[in-house]
Structures are given as C-alpha cells and as structure tokens.
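We have chain A already, so just place chain B on it with the hints.
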Amino acid sequence: MDELTAVFAAVVVITLIIAALFFTTLRKAMRIESELQLK
Amino acid sequence: MRWSTSVSAIMLIAIAMIIAGAYNALIKLPESPEPILKNNYRIVFFHVPSAATSFLAFTVTLISSILYLRKREYRWDVISSSSAQAGFFFITAALISGSIWARIAWGSYWNWDPRETTVLILWFAYAAYFALRASIENPEEKAKSSSILAIFAYATIPLSYLSTFVYFSLHPSTRDISIGLNTGAVLGMMITGFILMYISYFILDVKLSNFELKVREVD
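Respectively, the protein sequence lines represent chains A and B.
The first sequence begins at 26 in our numbering and counts up by one.
The second sequence begins at 6 in our numbering and counts up by one.
Next up, chain A with everything else stripped away, as it sits in the complex (with noise of 0.2 Å):
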C-alpha cells in the first residue's frame, strides 16, 4: 500500500468513527424524544 492510499484508508476510518459517533447521539436524542412524548 503506498502512502497516499494509506492516508485515504485513514481519511476512511476517521469519516465512519465520526459518523458512528453521530448515530449514537441520534440513538440517544430519539431515546429522550420518545421518553417525553412517554411523560
């Protein structure tokens, strides 16, 4: 693998934790959301 394809896996990898990183708050936020429609 030469530089520049390791630097896009990287570019890859740090795209997808922060995407995960997202959907976990949105898991979290329609957790709440509902919680209070709930109460």
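Treat the hints with caution; some may be incorrect.
[To be verified] List of simulated lysine-lysine pairs, DSS-like, C-alpha gap at most 25 Å:
no. : chain 1 : residue 1 : chain 2 : residue 2
1   : B       : Lys219    : A       : Lys64
2   : A       : Lys64     : A       : Lys53
3   : B       : Lys147    : B       : Lys76
4   : B       : Lys33     : B       : Lys43
5   : B       : Lys149    : B       : Lys43
6   : B       : Lys219    : A       : Lys53
[What the hints assert, rightly or not] Reference listing, derived: stretches of chain A covered by chain B, where coverage requires no fewer than 3 residues with Cβ under 8 Å from a Cβ of chain B:
no. : stretch
7   : 27-33
8   : 44-57
[To be verified] So the derived label-pair ranges between C-beta atoms look like this:
no. : chain 1 : residue 1 : chain 2 : residue 2 : range
9   : A       : Gln62     : B       : Ser113    : 51 to 61 Å
10  : B       : Leu186    : A       : Lys53     : 35 to 45 Å
11  : A       : Leu46     : B       : Arg221    : 18 to 28 Å
Source of the hints: derived by calculation from the structure; they are not laboratory data.
By construction, the Cβ of each residue, glycine as well, lies at the ideal position given by its N, Cα and C atoms.
Leaving out everything else, chain B in the frame of chain A:
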C-alpha cells in the same frame, strides 16, 4: 419528514461527499509539478474546508448570540453554543492541518506567521467562551455572559481572514491562488461535505440540548 430522518440523510450525504472528495483529492488528482509541493499540496483539500466550515459555524454563533441578547429566548443560547462547539472542532482541525503544511512548506510546525498567530488568538477566544460557560451555574447569567463574549470573539474571524493580506505573511491569500477546474471541483465537493457534516451535527446537538432541557423541566 421526521427531523431524525432529515439529519441522518444529511449526514449520509456528507459522508459520501467527503469519502468521494478524499478519493479524488488523494488518489485521482495528479501530483503538483512544483518540487516542494508534489503530493503535499493535497492537504489543502482538508485544511480549507475545515477553516471555511469553522468560519460559518462561528458566524451562526455570532448571529444567535445577538438574537439571544435581543430576545432573551433560551433557544438562541442553545443554538449559539452548539454551533460554537462544531466551529471549535473544525478550527482545531484547520490548525493541525495548517501546522503539518507549515512543516512541509516553511520548514517548521509553527512560524508565528500573521495567519497562524491570528488563528491561535481565535482558538483561545473560543476556548475562553467554553471556559466561561463551564464556570457559570446560573443559566440566564451563563447565556448572557457567553453571548457577549461570543460577539467580541467573532472579531478574530475577519482579523484572521485579513491577516494573509499583510505583506510579510507566508500564508497565501485568496487573491494569490488560482486553481484548475478539476482541483476546484474537488475542493468544492470537500467544502460542501464538511458544511453538511456541520449542519447535521448542529441540528442534532440543538435537538438533544432541547430534549435534555425538557427532561429537567418535567423532572
């Protein structure tokens, strides 16, 4: 359409644009004919979108801070702090990528160049914003004081933008740069991807803060 579906769609488009943009920036585009730049110029595709997105986020913070001080509605403070958080993340990314570029192009990670110095002042101004928010317990006082600070902190944005026009700045100014169509298209794709990522995070954070506020009110 539910808000959660909208922000998910915006985030997915942002991810697709950033990955496609990074593929073009790192793999597809040819290396620079300049001997020093070669492949190193590719950092611009991450540095410029980070800086541009942070400027947009801090502008949203400025506007919502002014609106809070005028209307005293708590939602403007939530918008202000959420946007400032995103802006701080992106300006930190711009500072780091800029330092890597400085090492390659100018020989040192830090050169006290006018752009580097003014962006560092900007970084500290918004770090002070978060420190201030963390130090005040009363929500009304917190919102009022941090809104005032956010307005003053914003002065560092035009300061850092204009710093490249100083004659001894190493950093290229926008009038010095001319880029080809392909390079411009990839840069545009990356800037759009970063801005969409900011928008999706920003909407989610505002919603989450509002839900947490409502939970406290109900309890």
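Hints versus structure:
Between Lys219 (chain B) and Lys64 (chain A), the direct Cα distance comes to roughly 11 Å. Compliance with the 25 Å bound is thereby established for this hinted pair. With a CA separation close to 17 Å, the supplied pair Lys64 (chain A) and Lys53 (chain A) stays within the 25 Å bound. Our distance criterion of 25 Å between C-alpha atoms is met by Lys147 (chain B) and Lys76 (chain B), whose separation comes to about 15 Å. With a CA separation close to 14 Å, the supplied pair Lys33 (chain B) and Lys43 (chain B) stays within the 25 Å bound.
Proposed proximity of Lys149 (chain B) and Lys43 (chain B) is contradicted: the alpha carbons are some 49 Å apart, above 25 Å. Proximity of Lys219 (chain B) to Lys53 (chain A) is assessed by CA-CA distance (about 15 Å); at most 25 Å being required, the pair is judged to hold. Here's how the stretch 27-33 of chain A fares: 5 of its residues keep a CB closer than 8 Å to some CB of chain B, so the rule of at least three is met and the hint holds. Coverage of the stretch 44-57 of chain A by chain B holds [criterion: at least 3 residues with CB-CB distance below 8 Å; count 9].
Take Gln62 (chain A) and Ser113 (chain B): their Cβ atoms lie about 56 Å apart, and the range 51 to 61 Å holds. Checked against the given bound of 35 to 45 Å, the beta carbons of Leu186 (chain B) and Lys53 (chain A), roughly 43 Å apart, stay inside it. A C-beta distance of roughly 24 Å is found between Leu46 (chain A) and Arg221 (chain B), which places it inside the suggested range of 18 to 28 Å.
The structure fails hint 5 only (numbered hints given earlier).
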